[in-house]
Structures are given as structure tokens and as C-alpha cells.
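Visitor: Work the whole structure out from these sequences, hints included.
Top to bottom, those sequences are chains A and B. Using this note's numbering, the letters of the first sequence map in sequence onto residues 1 to 187. Using this note's numbering, the letters of the second sequence map in sequence onto residues 1 to 211.
Hints listed in this document are in silico derivations from the structure and should not be mistaken for laboratory results. Cβ coordinates follow ideal geometry from the N, Cα and C atoms, glycine included. Check the hints yourself; a few may be wrong.
[Said to hold, decoys possible] If you want the footprint, here are the derived chain A segments under chain B, 3+ residues with CB under 8 angstroms: (1) 16 to 28; (2) 67 to 76; (3) 127 to 137; (4) 172 to 185.
[Unchecked claim] Simulated pairs of lysine-lysine, DSSO-like, Cα-Cα distance not exceeding 27 angstroms: (5) B/Lys73 to A/Lys6; (6) B/Lys46 to A/Lys170; (7) A/Lys140 to A/Lys28; (8) B/Lys128 to B/Lys192.
[Said to hold, decoys possible] Derived Cβ-Cβ restraints for the label pairs, each shown as a range: (9) B/Arg85 to A/Asn156: 33 to 43 angstroms; (10) B/Trp83 to A/Ala61: 18 to 28 angstroms; (11) A/Val58 to B/Lys25: 24 to 34 angstroms; (12) A/Ser154 to B/Ala29: 45 to 55 angstroms; (13) A/Glu2 to B/Ala29: 35 to 45 angstroms.
Residue-level listing of the chains:
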Amino acid sequence: METIVKKRIKQVLKGDQDAYAEVVEIYKDKVFQICYRMLGNRHEAEDIAQEAFLRAYVNIASFNIDLKFSTWLYRIATNLCIDRIRKKKPDYYLDAEVAGTDGLNMYSQIASDARLPEDDVESLELQETIQREISKLPEKYRSVIVLKYIEELSLNEISETLDLPLGTVKTRIHRGREALRNQLRYV
Amino acid sequence: MKCPAEMVVYMHEYLDEEISAEHEKELRAHLQNCGECQTHFHELKKTIALVQSTSHIQAPENFTAKVMARLPKEKRKVGVQRWFRHHPLLTAASLFLVLMMGSVASSWDQDHQLSVSKQPNLVVQNDKVIVPEGEVVKGDVVVKNGDLEIQGEIEGNVTVINGQQYMASAGNVTGEIEEVDAIFEWLWYHIKTAAKDAVYVFETGETDKEK
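Guide: Quick look at the structure:
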């Protein structure tokens, strides 16, 4: 796959924009997933994932063709996510009680996917719980956990992607795991 | 029971698949005796399984198209080159057409002298061919790059290419009159005559056979 991608990138470098569509097609799910797990919101995730591909295209000349493209692309995506998280001042939480109601929180304001069968709802709820807990992690732990367990990168790849020393990556993964364990052990 | 602090470190080493054989042995031995650490270890593994179980989500529809629409415009040259690559048949056809037009145009250019079919009683004056009054011209008359003035009579068809025909009140043509002006009509005229010739050859061939 890397060879196809490299070939397409060479075409892009020559100015062939259409070759980039194939690159986007190959990585769109991965990049979207990183963004979604980092941001916990599909809309924002799509926005940032698109931005990541756009940045990668604009800066394609600075990509070292001898390196792995995915590492470079994921780095752009995670950095954009971290920027977004830092900028974002959440003005409301879904958990917060809605004023003037008795015990209703924002979750009840969201249209539920009622068409889903019962057993699907249960697994969906679990998915949401997990995602919520991932979203609650401080971003430095969140990025390593997402790359390690959702993108299944090796510790070395994570260290390259995030431009962090291997030791730091390990420490963050350990702390991230412990933090998640505290939240998820009774699920 | 107070567990040694390094046990948790060993657990993480194990989860990172970077534990040494020595540490692993120590960890295993400890876990067998310590329920608390066993739970801790189990919870860590469960957490990882849960995180990994989050279903693989896909990018929204039209994601690629949206990204492509946001990219800055590419250089024109590449677009043209790609168009040629993606439409080989059209490229070949248009190339053929260009060459064709070239040859047609050049033969059109060469053809700019007045030419007239050879009938003895046609009179040529400058750019004008005249069928004199009272004369009867037999056979088809073709005038190229000039006008035709008919004062007498023509027994046959009249074709005027790149010119005009004037019919005097006394003039008379027994066959059809055709004027060809533009290059395309001229071309069409050639195709038609070629086709007619072909049909003629074909038909005579048939009749020959029948004989």
C-alpha cells in the first residue's frame, strides 16, 4: 500500500491533483477515526479530518518521500486535534442538568436513534461510554491511547508521529491506561 | 498486604510487550498470590479490550469529494494533459480532424483560380462565365471560384462553387442548380460526389455481373 501511496504522491508533486483523491480515499477512515476519538464529535471530526488532508496537500512538498506517509499524515491530524481541543472552551456539557427541568440533562435533548434494535442500543451505549471516557482523558494521554489502541501503531511509530521521545510515549500510555481503568473498570 | 510498587510497572511493560523474562516471572509469581494485583491487571486488560472494541467507524459520505473541492486549484497544464490521457479516442479523433482540416484548407487555398467545365460555347470574362443568349450548352456546367450568368440555355445541372449564378429572364436550365459557398458545403459536395461515384462504380459492377 505504501508503494501505491508513494506513486500517487509523486504524481501529486508533479501537480496532478486527481492522484490525491486516491490518497484521501485510502486514509480517510483512519484519519477520521483519529479525529473522532480525539474530539468525540463527528461534526468536528469531519471538519478537522478534512483540514488535515488539506494541510497535507498544501505542504506535500515538505514531505520526505523516504518516510512513511501515514506517520506524517497522522501527525498533522493529531496536532490539529490537539490545537482544537486547546482552543475549545466548552460552554456546555451534555451531562449538565438543563435549567428548569427536573433531572433532565442534555442527553435527553438529543434525538435518540430509536430505530435501532434493543441489543444494538446496549452496545451503542457502551461505545458511547468508552468514547466519553477517552474524550475525558487529558489530550497528551488521549493522543497516545488513540494511536496505540485504535490505530494500532507501535510505540516507535507513535514516538515518530508525535515527535516525542519513546520514554515519554511509554509513560503517557501507562498513565492513560490507568486513568481509563479507573473509569471503565465497572462497565 | 503491601504490594511492591514495581508490579504495576511490570504490568505495563507486559502490556507494551516489552517485559523481560525475568520481570515476567516475578509478575506471574506475584499475581498468583495477590488478588488485588490480579484485579488490577485484569481491569487493565479489560480496559484495553473495551477501547479496542470501539467499532471501526468510517468517514462520512462524500468525504473525499469534499476534500478535493477544498484543495487549491491546480495548474492548467496538468489538467489538459490529463484530459488527453483520459480521452484517448477523442484525442485521436480531434487530432485526425485537425490534420484533415489542414489538408482540406490547403487544397481549398490552392483552388482559388477560376475553373469551368469544358463546353465550347461558354464565354469567360474575368471572373464571370457567361452562357450567351441563344446558345444551348449541353451537359452539366461546373463553375469554380467565379460567377455564372445564364442568358441562354443549359441542358443539364449547374453547380457554382464559391460564386453566384445569375439567371437572365431568357435563361433556362433543364437540370438542378446548386450553389456551394462555404468550405463545409464545398467539403460536403466533395463527399457527395465521391459517394455518387462509388455508388455508380458499385452499380455498374452489379450490372456487369448480371450480364
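Visitor: Next, verify each hint and record whether it holds.
Guide: Hints versus structure:
A stretch counts as covered by a chain when three or more of its residues have a beta carbon under 8 angstroms from one of that chain; for the region 16 to 28 of chain A and chain B the count is 8, and the coverage holds. Residue count for the region 67 to 76 of chain A with a Cβ under 8 angstroms from a Cβ of chain B: 0. That is fewer than the three needed, and the coverage hint is violated. Counting residues of the region 127 to 137 of chain A whose beta carbon lies closer than 8 angstroms to any beta carbon of chain B gives 4, which meets the minimum of three for the stated coverage. Residues of the region 172 to 185 of chain A with a Cβ under 8 angstroms from some Cβ of chain B number 8, which satisfies the need for three, so the listed coverage holds.
Distance check on the hinted pair: B/Lys73 and A/Lys6 sit about 22 angstroms apart at the alpha-carbon level, within 27 angstroms; holds. The hinted pair formed by B/Lys46 and A/Lys170 meets the criterion: a straight-line CA distance of about 19 angstroms does not exceed 27 angstroms. Using a Cα cut-off of 27 angstroms, the hinted pair A/Lys140 and A/Lys28 holds, with the two alpha carbons roughly 23 angstroms apart. Simply put, B/Lys128 and B/Lys192 have alpha-carbon atoms about 26 angstroms apart, close enough for the 27 angstroms limit, and the pair holds.
Checked against the hint of 33 to 43 angstroms, the pair B/Arg85 and A/Asn156 passes, with Cβ atoms roughly 40 angstroms apart. Taking the beta carbon of each, B/Trp83 and A/Ala61 are about 25 angstroms apart, inside 18 to 28 angstroms as hinted. Distance hint check: the CB atoms of A/Val58 and B/Lys25 are about 53 angstroms apart, inconsistent with the given range 24 to 34 angstroms. Checking the proposed 45 to 55 angstroms range against A/Ser154 and B/Ala29 shows it is violated: the Cβ atoms sit about 29 angstroms from each other.
Distance hint check for A/Glu2 and B/Ala29: the Cβ-Cβ separation is about 43 angstroms, which falls inside the suggested range of 35 to 45 angstroms.
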